[in-house]
Amino acid sequence: MKLLALLAVCATGALLLYGTVDMPDWSDPHSPASIHVSPRYIEKAMEETAVPNMVTSVLADYRGYDTLGETVIIFTAAMACILLIRRPRK
Amino acid sequence: MIAHFEDVIIQTVCRILLPFIQLYGLYVIAHGHHSPGGGFQGGVILGASFILFCVAYDIKEAKRRMSEKLDTMFCSLGLIIYSGIGIICLVLGGNYLNYSRLHHILPVNPIDARSMGILGIEIGVGITVMAVMISLFLNLVSSGEHEEGLQ
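In order, the protein sequences belong to chains U and V. Under numbering that gives the first Met the number 0, think of the first position of the first sequence as 0, with each following residue one higher. Under numbering that gives the first Met the number 0, think of the first position of the second sequence as 0, with each following residue one higher.
Watch out, some of these pointers could steer you wrong.
What the hints assert, rightly or not - With a straight-line Cα cutoff of 25 Å, these simulated SDA-like cross-link-like pairs (lysine to any residue) come out:
no.	chain 1	residue 1	chain 2	residue 2
1	U	43	V	115
2	V	59	U	88
3	V	68	U	86
To be clear, the hints were calculated from the coordinates, so they are not data collected in a lab. This one's a predicted model, so the numbers in the text were calculated from it and none came from an experiment.
With the hints as extra help, turn the sequences into a complete structure.
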């Protein structure tokens, strides 16, 4: 059974490694991410959002849903911590 | 377990430093548009200032300043501010979290309204992160009893 699990892990790892062959090179200017959304953010962030800090405008405006999810994750962490280990002394 | 630990130097330095740390946390939140920073970072600085207070004094003294009820309410308040701004945008006829619609209720043009919306949600994120840091610290350090721990 352990051998089977090891085989499954090795096979999945080999597939993942094989998948990285098709990925664009590191900092390739012609990769899809660099020719599609990045130039739009770099060129238009200031005139569309009036925020000089491009990182903030992407984080909180263009990807606002994402940041809302991050905040929910942090909130959930606190609630889980309270539910699991808080025990008021009687 | 040390019964009751008091150190004049630590407590005095903590008292002098705390306002500046908290002011800096507020600056990082409010100035997130123009410099590195934002809600997450500023909230962590605010939470760390409270943790410093817990370390220099004790948990009971800290809970006298910020009760558990208030802290848990702050956890939710930040999220309510964030999602509430999204719903306000929805009510004003835009998409969820489309801040440019806020120009109907704010005295600015639609582009500056986006900036204002970002500031609003950063404040919400900051409140939540601060309260969550405090809550996690108090629960983990006292194994959930909030009685003793770092005394």
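Can the restraint linking residue 68 of chain V and residue 86 of chain U be considered satisfied, given a maximum Cα separation of 25 Å? Between residue 68 of chain V and residue 86 of chain U the Cα gap is close to 15 Å, so the pair holds against 25 Å.
Would you check the hint for residue 43 of chain U and residue 115 of chain V, treating anything up to 25 Å between C-alpha atoms as holding? 18 Å, holds
Would the hint linking residue 59 of chain V and residue 88 of chain U be met if the CA-CA limit is 25 Å? 14 Å, holds
Hint compliance for this structure: every hint is met.
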